[in-house]
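Chains as they are written, first to last, in this note's numbering: chain A, 1 to 504; chain B, 1001 to 1173.
Take these hints with a grain of salt, some might be off.
Calculated lysine-lysine pairs in the DSS-like style (CA-CA distance at most 25 Å, straight line) [what the hints assert, rightly or not]: (1) K248(A) to K382(A); (2) K1049(B) to K102(A); (3) K441(A) to K215(A); (4) K1149(B) to K102(A); (5) K1066(B) to K1170(B); (6) K396(A) to K251(A); (7) K443(A) to K275(A); (8) K248(A) to K102(A); (9) K1167(B) to K102(A).
Derived by calculation from the structure, the hints in this document are not laboratory data. Predicted model, so just to flag it, every value in this text is computed and none were measured.
Below, each chain spelled out in residue letters.
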Amino acid sequence: MVVWENLRRVSEKFYFFHFTHIKRLSQIYNIHTMKPRILILGCRSGGLVSTNKLGDQHFMLKILISLIMFIFIYGCALNKEIYTPDINTNKKGSSVIKVHMKDGSLYILNSWKVDKNKRILKGNGTYYSIDRTISNVNNFEIPVDSIAIIESNEVVPSKALELLVLIMRVSFEIFISLSEIDIGSCYINWFSSSIAPPFEADDNVKLENGGLSIKMKNEALETYLVRYANVLAVPKEEGSYIFATSYKVNKLISPIQAKCPQEECLNLISILDGKEWFDLSDDKDLGRQEEIEVIFLAEKDKGKRQTLLPTFLFYQILDYIRNGNENNSNGNYEKLKEIVKKIKRIEIYYMDSEGPLAIDYSLAMLGKLNKDTIKIKLRFTKGAVRLDYVALADIKEVVEPITIEPFSVLHNYREDKEALTSLLDKNKFLATLPGDEYILKYKTPNGNFEFFLHTKEWIKEENLLTLWEFISFPEITLKTLAPKYKKIEPQMEGVFWRSKYVSP
Amino acid sequence: MLVLRFIVLIFLFSCASLKAPSEYVPSFNEAKTYPYGSYIELKTKGKSKISGEFIGISENNIFIRKGVTIYFLPLSDVKSIVIISNKPDYFGIRVLATSTFLYTSCITNNFWKYPGYILCLATPVCALSGLMFAIMVNEPVVRVKKLDKVIYFSRYPQGIPEEIKQKSIKLTN
């Protein structure tokens, strides 16, 4: 038996850059799809994306720039100047001066003024004798005629240092502005199910004359680069379901009991109806974990051995990430991927297993069942998961999907052959600017099929420094971001639902 | 890794020193109100060295205090003079070291798989930092070419009082 999870959405927390999507396009009567584009809210089918620009949080950059500015301020030198007292004008000053007397003694004055009429220099400071012992600290009136020279030592910016600091800052800023990161893919852990209530076909997906037409619109504020957008067609019979594009399932068993933090959730997660259980994120630490326990009443296997799913399923989600890493030119991709996996992942514990049975994918193999009741524990980051449906499923067989590439692409309702070439050529990509709209057309085979949209895209990311922070100090960053995220979390719920394409 | 960075930071914060006895050289902030002459190092033509507080120049003799004694020797015996007027701005040096370290740390953290990137991005900054270090440390050091400029670093730029001259001892090569 296999544990089947259906995760609809993941709440947005951070910018995320690279998506590999497989989205189910329902049967002819149950067209259920979502816009193939990710809004500013992020990965529609899973992943972490933030609408909250993290530009204010890159403390590493702040530290560096402020330090560089410090150098500008503190890169100083003492400029010694010698002059004779000017008695032609009444002058005063607050800078320190050394008054060398003709007899060899010395006055060091903190503040002073010249009285032209009386020919005296008045000031407050210290008087040193010839052998430089302190004789007096007081206000003095020094006759100008007994002064040999006056010396001042002003702190001035060092010219050489100024120039170097400027070069350093300019270099640094050029580096920042030119850098781009292709971080990696967000992985899919949402599949809509064909047992969902029938939805109305709409403008974004149309079935027409043996073909599919999908509207793809960039509603985000960033440029999206699409590597490919293919349709996967999986043959199926009436009454069966296809999951993870390859597994045909006959029977789904809903849980009989569920224990969720804070509220009753059995009704929410036992039916695939678009009504999800979710929790708000922790207000002090966005990485805090929580658990849900789910109990199923299953049929014991009658001596029949279950075939274990092959290992590739376990790593299915990771494969999406690896596939998305083709063009990675940034070494931090791996690290960011690890961190985001940690935040986003769901651990699945079966019965009383010590460690997780599986981590973070939509299907987890349980193997042969020897008990009537099955207890499953799901562990995940608080506020990062929305759970629509959890079920046990009996896999009938593994099927191979048929990949269908688009045969035509319309851009703003005009045929765009270049866009089509970009999508078909694995070495090219289609760059979509904010507001761009494309219609992709596919020829579908005859028969009963379940359709999935398989895309790969990524965003051009400019918040390099924020990523540095996140990569360098993920735990600290999650705690730092928690209060900020909590402030916008209520609005994000509304924004996300307004962006939802299909409503039951 | 984070701990290691902070340990290195601590060391960076304690770096930078000047090769001069601290009793002769005031700090950057004290220099403005320092009543004594600057620290001077002389190399004579006889290849000997003498250093101490620069007292002054009078009648073609240069006067230097070493300890409690004031010595003088003819200017014609002097081969080179180096004057250190104050300690460098250590705070600025520490700030420079720390910022350079943080910058290169960020670069290596992001591009650890690509040494070429690290080389291109970090090398210019490190080179510049090195230059800045050299400038900041050597800013208070004056290598004398013209004696008329040197006089203003002495204790008595206006001329040495007679009683000081009388106490001084001639230094022989």
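How the hints compare with the structure:
Proximity of K248(A) to K382(A) is assessed by CA-CA distance (about 32 Å); at most 25 Å being required, the pair is judged violated. At most 25 Å may separate the alpha-carbon atoms for a hinted pair to count; K1049(B) and K102(A) exceed this at roughly 31 Å. Proposed proximity of K441(A) and K215(A) is supported: the alpha carbons are some 9 Å apart, at most 25 Å. With a C-alpha separation of about 19 Å, the suggested pair K1149(B) and K102(A) falls inside the 25 Å cut-off, and the hint holds.
Between the alpha carbons of K1066(B) and K1170(B) the distance comes to roughly 12 Å, so the proposed pair stays at or under 25 Å and holds. Taking the CA atoms of K396(A) and K251(A), the gap is about 9 Å. The hint holds against a cut of 25 Å. Restraint check for K443(A) and K275(A): not satisfied, since their Cα atoms lie roughly 33 Å apart, outside the 25 Å limit. Distance check on the hinted pair: K248(A) and K102(A) sit about 106 Å apart at the alpha-carbon level, beyond 25 Å; violated.
Between K1167(B) and K102(A) the CA atoms are separated by roughly 19 Å; this keeps the pair inside 25 Å, and the hint holds.
Taken one by one, the earlier hints fail for this structure at numbers 1, 2, 7, 8, listed in ascending order.
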